[in-house]
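Engineer: Chains as they are written, first to last, in this note's numbering: chain A, 1 to 342; chain B, 1 to 342; chain C, 1 to 342.
By construction, these hints were calculated from the structure, which means they are not laboratory data.
Note that this is a predicted model, so its numbers are computed, not measured.
Treat the hints loosely; a few may be bogus.
Identical copies carry no separate label here, and so any pair may be met within one copy or between two of them.
As the list claims (entries may be wrong) - Keeping only pairs whose Cα atoms sit at most 25 Å apart, straight-line, the calculated SDA-like set for lysine to any residue is: (1) 313 <-> 86; (2) 120 <-> 7; (3) 229 <-> 323; (4) 229 <-> 281; (5) 120 <-> 54; (6) 229 <-> 318; (7) 129 <-> 187; (8) 114 <-> 317; (9) 313 <-> 4; (10) 241 <-> 329; (11) 114 <-> 199; (12) 241 <-> 280; (13) 149 <-> 197; (14) 129 <-> 326.
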Amino acid sequence: MSKTSQGRFFEDYAVGQVIEHAVPRTVSGGERALYHALYPARHAIYSSDEFAASCGLDRSPIDDLAAFHLVFGKTVPDISVNAIANLGYAEGGWLRPVIEGDTLRAISEVIGVKENSNGKSGVIWVRTKGLNQWGQDVLSFIRWVMVRKRDPESPAPETVIPQYVDVLEAGDLPIPEGLDFEDYNFALAGEPHRWGDYEVGEQIDHVDGVTIEEAEHMLATRLWQNTAKVHFDATAHEDGKRLIYGGHIISVARALSFNGLANAQMIVGLNAGAHANPCFAGDTVRAWSEVLDRAETDAPGVGAIRLRLVATKGEAFKLRDGDGRYLNDVLLDLDYWALMPM
Amino acid sequence: MSKTSQGRFFEDYAVGQVIEHAVPRTVSGGERALYHALYPARHAIYSSDEFAASCGLDRSPIDDLAAFHLVFGKTVPDISVNAIANLGYAEGGWLRPVIEGDTLRAISEVIGVKENSNGKSGVIWVRTKGLNQWGQDVLSFIRWVMVRKRDPESPAPETVIPQYVDVLEAGDLPIPEGLDFEDYNFALAGEPHRWGDYEVGEQIDHVDGVTIEEAEHMLATRLWQNTAKVHFDATAHEDGKRLIYGGHIISVARALSFNGLANAQMIVGLNAGAHANPCFAGDTVRAWSEVLDRAETDAPGVGAIRLRLVATKGEAFKLRDGDGRYLNDVLLDLDYWALMPM
Amino acid sequence: MSKTSQGRFFEDYAVGQVIEHAVPRTVSGGERALYHALYPARHAIYSSDEFAASCGLDRSPIDDLAAFHLVFGKTVPDISVNAIANLGYAEGGWLRPVIEGDTLRAISEVIGVKENSNGKSGVIWVRTKGLNQWGQDVLSFIRWVMVRKRDPESPAPETVIPQYVDVLEAGDLPIPEGLDFEDYNFALAGEPHRWGDYEVGEQIDHVDGVTIEEAEHMLATRLWQNTAKVHFDATAHEDGKRLIYGGHIISVARALSFNGLANAQMIVGLNAGAHANPCFAGDTVRAWSEVLDRAETDAPGVGAIRLRLVATKGEAFKLRDGDGRYLNDVLLDLDYWALMPM
Numbered sequence: 001m002s003k004t005s006q007g008r009f010f011e012d013y014a015v016g017q018v019i020e021h022a023v024p025r026t027v028s029g030g031e032r033a034l035y036h037a038l039y040p041a042r043h044a045i046y047s048s049d050e051f052a053a054s055c056g057l058d059r060s061p062i063d064d065l066a067a068f069h070l071v072f073g074k075t076v077p078d079i080s081v082n083a084i085a086n087l088g089y090a091e092g093g094w095l096r097p098v099i100e101g102d103t104l105r106a107i108s109e110v111i112g113v114k115e116n117s118n119g120k121s122g123v124i125w126v127r128t129k130g131l132n133q134w135g136q137d138v139l140s141f142i143r144w145v146m147v148r149k150r151d152p153e154s155p156a157p158e159t160v161i162p163q164y165v166d167v168l169e170a171g172d173l174p175i176p177e178g179l180d181f182e183d184y185n186f187a188l189a190g191e192p193h194r195w196g197d198y199e200v201g202e203q204i205d206h207v208d209g210v211t212i213e214e215a216e217h218m219l220a221t222r223l224w225q226n227t228a229k230v231h232f233d234a235t236a237h238e239d240g241k242r243l244i245y246g247g248h249i250i251s252v253a254r255a256l257s258f259n260g261l262a263n264a265q266m267i268v269g270l271n272a273g274a275h276a277n278p279c280f281a282g283d284t285v286r287a288w289s290e291v292l293d294r295a296e297t298d299a300p301g302v303g304a305i306r307l308r309l310v311a312t313k314g315e316a317f318k319l320r321d322g323d324g325r326y327l328n329d330v331l332l333d334l335d336y337w338a339l340m341p342m
Numbered sequence: 001m002s003k004t005s006q007g008r009f010f011e012d013y014a015v016g017q018v019i020e021h022a023v024p025r026t027v028s029g030g031e032r033a034l035y036h037a038l039y040p041a042r043h044a045i046y047s048s049d050e051f052a053a054s055c056g057l058d059r060s061p062i063d064d065l066a067a068f069h070l071v072f073g074k075t076v077p078d079i080s081v082n083a084i085a086n087l088g089y090a091e092g093g094w095l096r097p098v099i100e101g102d103t104l105r106a107i108s109e110v111i112g113v114k115e116n117s118n119g120k121s122g123v124i125w126v127r128t129k130g131l132n133q134w135g136q137d138v139l140s141f142i143r144w145v146m147v148r149k150r151d152p153e154s155p156a157p158e159t160v161i162p163q164y165v166d167v168l169e170a171g172d173l174p175i176p177e178g179l180d181f182e183d184y185n186f187a188l189a190g191e192p193h194r195w196g197d198y199e200v201g202e203q204i205d206h207v208d209g210v211t212i213e214e215a216e217h218m219l220a221t222r223l224w225q226n227t228a229k230v231h232f233d234a235t236a237h238e239d240g241k242r243l244i245y246g247g248h249i250i251s252v253a254r255a256l257s258f259n260g261l262a263n264a265q266m267i268v269g270l271n272a273g274a275h276a277n278p279c280f281a282g283d284t285v286r287a288w289s290e291v292l293d294r295a296e297t298d299a300p301g302v303g304a305i306r307l308r309l310v311a312t313k314g315e316a317f318k319l320r321d322g323d324g325r326y327l328n329d330v331l332l333d334l335d336y337w338a339l340m341p342m
Numbered sequence: 001m002s003k004t005s006q007g008r009f010f011e012d013y014a015v016g017q018v019i020e021h022a023v024p025r026t027v028s029g030g031e032r033a034l035y036h037a038l039y040p041a042r043h044a045i046y047s048s049d050e051f052a053a054s055c056g057l058d059r060s061p062i063d064d065l066a067a068f069h070l071v072f073g074k075t076v077p078d079i080s081v082n083a084i085a086n087l088g089y090a091e092g093g094w095l096r097p098v099i100e101g102d103t104l105r106a107i108s109e110v111i112g113v114k115e116n117s118n119g120k121s122g123v124i125w126v127r128t129k130g131l132n133q134w135g136q137d138v139l140s141f142i143r144w145v146m147v148r149k150r151d152p153e154s155p156a157p158e159t160v161i162p163q164y165v166d167v168l169e170a171g172d173l174p175i176p177e178g179l180d181f182e183d184y185n186f187a188l189a190g191e192p193h194r195w196g197d198y199e200v201g202e203q204i205d206h207v208d209g210v211t212i213e214e215a216e217h218m219l220a221t222r223l224w225q226n227t228a229k230v231h232f233d234a235t236a237h238e239d240g241k242r243l244i245y246g247g248h249i250i251s252v253a254r255a256l257s258f259n260g261l262a263n264a265q266m267i268v269g270l271n272a273g274a275h276a277n278p279c280f281a282g283d284t285v286r287a288w289s290e291v292l293d294r295a296e297t298d299a300p301g302v303g304a305i306r307l308r309l310v311a312t313k314g315e316a317f318k319l320r321d322g323d324g325r326y327l328n329d330v331l332l333d334l335d336y337w338a339l340m341p342m
């Protein structure tokens, strides 16, 4: 029996299957510091215990997307190591801030399968949860990926396509316990713009760009214990290029969005996401955002803002061609809810 | 109203103006570990809690220059994002060691303005302070930068050139509370040379060199939340080169100076500093020092040594040409006071 | 007197000499996070406090090899800065897990010297110990290196070749206090294979590869305060290549071995090791293992497994040519004992 794992193929998934992902992880100030070295992340609530306390939190959590990558990384060996493509995300919720000392593990349930008409691959849908050391949910999201079949001759399973909402209702967004933006310090946060200053349809060019280095995307991807070969082995692809983990681009874009959205402090909901085109070392990534919606919340002084975040190698505000396809320069199209002072 | 900030221009500064810089930061062992991964830093007081305790400190602080970069980085969006050049530093003081768990913020006061004769730019002087979570000063320094005008037609302000001392008096140097070098362990510190072994005028070639990588200077610069575009965006400069943050060179040089100055444990005063020439990835940086002065202090066993630290791509001990201009190979000329066992 | 050190030469070593190495270091979560960013390390006991506690430990220690590098790095300025070659290791023991907050220092005793017949260099053997803040041994190993003579004319010392065992007896392996694998969670650890599933002679191809970057090996090497010039200065070698620290390859290979040996949780003994060929940035490193032996231990549920770990740029399972010499592609041949659930 071979001791090494080749990962699962399409035939290995069945609706209802529950997969406990390996390698729990305890987070410390080390993960936080590395996140801030890898990305130009500056949202104050994730940078300062004092600022976080002034917003009603016990202390500064690790960045929302750091928690996401940490949970996501655990699923890679079981879900996407043989994936042809990451197709989408839905119903993502940040259910509880992750702080130093927390130990996270991840678990996924297969909620949908559909073989492709070519018989060589199929799509699987999973709901993944991240849990802390108390067994509390800290993160939950649906994603679907296209996975190769081991044997093209194996029979197709019954198609099950899961139900999920296209956009989370603002009333369903998880608000961290105690969050309170009534004494929010705009000077320390870096920008004066509050929730009421943003209009639906407004577009923001985040101006800055970051040229991606091999060492940086590999450090980032390893930190989340995502070990998919394509990110690390230059010989794995015929042109010698290492594919950059899509999550690296999400974090680059979110961090760049500080300039214009410094007060969109905490991502709490993920509605949808598409990795429109691959990214490679040497590419210079820029970002722009569009305000998709706004809503009030029950927490004091806290508003919710729904944003489209686009990472691109090209011009701001250009997304699709005349046929509705993503332009070649577009790397990421993310639809999320964040919390902002009103 | 545009949500993104272009930063301030010369017209936006006025003497007496106080700027509270954004994004406070809580430091942890993560920042320390990254500092030691990014620089060949080995000064024992910043490496070991045990060694620091043997010198009368509660525990090992983060490196003096890590504290400097942390405070400096906060000022960049407000002070130097549109700077044409960083012209100088003066009256720098490390007023209190920064330890794990401390949260730092920064504040600057404009203390001088002078429009250049070309009418297109001007020089501003600011005094920046870093403060901890108790509101205590941990760092203070003056710096001056040349900044573009938004509108060349705008009128020149009244010229104010601040007073500052060229060299801090040894008696004015801040000595960390409790610092005591009477039981100093030279073996653990790495070199036998004590304060009395250094003579004014003595020059030291620190021998080693470090070839600079893009990924490393970007990680370092981001860690301090310094987001100036020129350091990260290869398309921002016509030749595709990313300018390396001058502070990166300061830290490289200081760390290299361990070989010969292992006992110059703590930088406590910055008299002057010039970034003589730009540095780019691929350059190999070396360092040499010159002893400028020595003084006793009131702390037991603690002497002060004033050093010139030069980073260069060329030969040791060569600084200026016949006309007094820095040689092209010289990157940095720093004048500082450090504390050393007597 | 020159203040900078050129390091010791062969003449400077004598049997019985004890060298206290400089720069003790306090470890934190920062070192752990960096280790996981630099290597695809996933052994659960080093990743999660909860998992470590379920195995009877107080909390998750830093990776076994991180502790090794930390101690090894301290010896470089005194032992190997002028080494022509690192020739071997023996009798390595991990005597106590290293946890956050521990401060490590290192001490070496010269236990053998032998001048080479060419009169230009010689071999020295040292036993190095790593100690924590309580003075307890945490690591011990013998290594021998070939060192240049300062003066070829200086007389040869009396040859002393130390005694050491080729392979540690399983009964002599240090088992961390309290270690208990009876409630071991194989799902969280990542693989189902237990001690009894491995047969002596079995070979495992760890499948994945990592292409090495300059920035990464330098960050790693600096983190352990190993400042040997050849790793950092591209101008130090005529072809502009920076030699990669051999320990970086050990850690890459060990981390890759997770795929197939996820349950070989803790390295506790080092029998032998050879850096067969140098490695440079751009090389893609792969790894394979061979089971050399198995033994029971006194700890509940804990078995010992003796493994050969080979890092290579070439094919798995190819080690030596017909004359018994390492193939050019082979980078590392390591012989160690690890602890595994039975």
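Engineer: Confirm or reject each hint.
Structural biologist: Consistency of the hints with the structure:
Only within a single protomer do residue 313 and residue 86 lie at most 25 Å apart by alpha-carbon distance; the minimum there is 20 Å, versus 31 Å between protomers. For the homomeric pair residue 120 and residue 7, the shortest alpha-carbon distance inside one copy (16 Å) is at most 25 Å, but the shortest distance between copies (54 Å) is not. Neither within a single protomer nor between protomers do residue 229 and residue 323 lie at most 25 Å apart by alpha-carbon distance, with minima of 34 Å and 34 Å respectively. In the homo-oligomer, the alpha carbons of residue 229 and residue 281 lie at most 25 Å apart both inside one protomer (16 Å) and across protomers (18 Å), since each shortest distance falls under that limit.
Proximity of residue 120 to residue 54 under the C-alpha cut-off of 25 Å is found in neither arrangement, the shortest distances being 54 Å within a copy and 42 Å between copies. For the homomeric pair residue 229 and residue 318, the shortest alpha-carbon distance between copies (22 Å) is at most 25 Å, but the shortest distance inside one copy (32 Å) is not. For the homomeric pair residue 129 and residue 187, the shortest alpha-carbon distance between copies (16 Å) is at most 25 Å, but the shortest distance inside one copy (36 Å) is not. Taking the shortest Cα distances, residue 114 and residue 317 never come within 25 Å of each other, neither inside one copy (34 Å) nor across copies (40 Å).
Taking the closest pair of Cα atoms, residue 313 and residue 4 come within 25 Å of each other only across two copies (19 Å); inside a single copy the shortest separation is 38 Å, beyond that limit. In this assembly of identical chains, the alpha carbons of residue 241 and residue 329 lie at most 25 Å apart whether taken from the same copy (17 Å) or from different copies (22 Å). When the C-alpha separation of residue 114 and residue 199 is checked against a cutoff of 25 Å, the pair qualifies neither within a copy, at 40 Å, nor between copies, at 40 Å. Within a single copy, residue 241 and residue 280 get their C-alpha atoms as close as 7 Å, and across copies as close as 18 Å, so both meet the 25 Å cut-off.
Within a single copy, residue 149 and residue 197 get their C-alpha atoms no closer than 50 Å, and across copies no closer than 28 Å, so neither meets the 25 Å cut-off. Taking the shortest alpha-carbon separations for residue 129 and residue 326, neither the intra-copy value of 30 Å nor the inter-copy value of 47 Å comes in at or below 25 Å.
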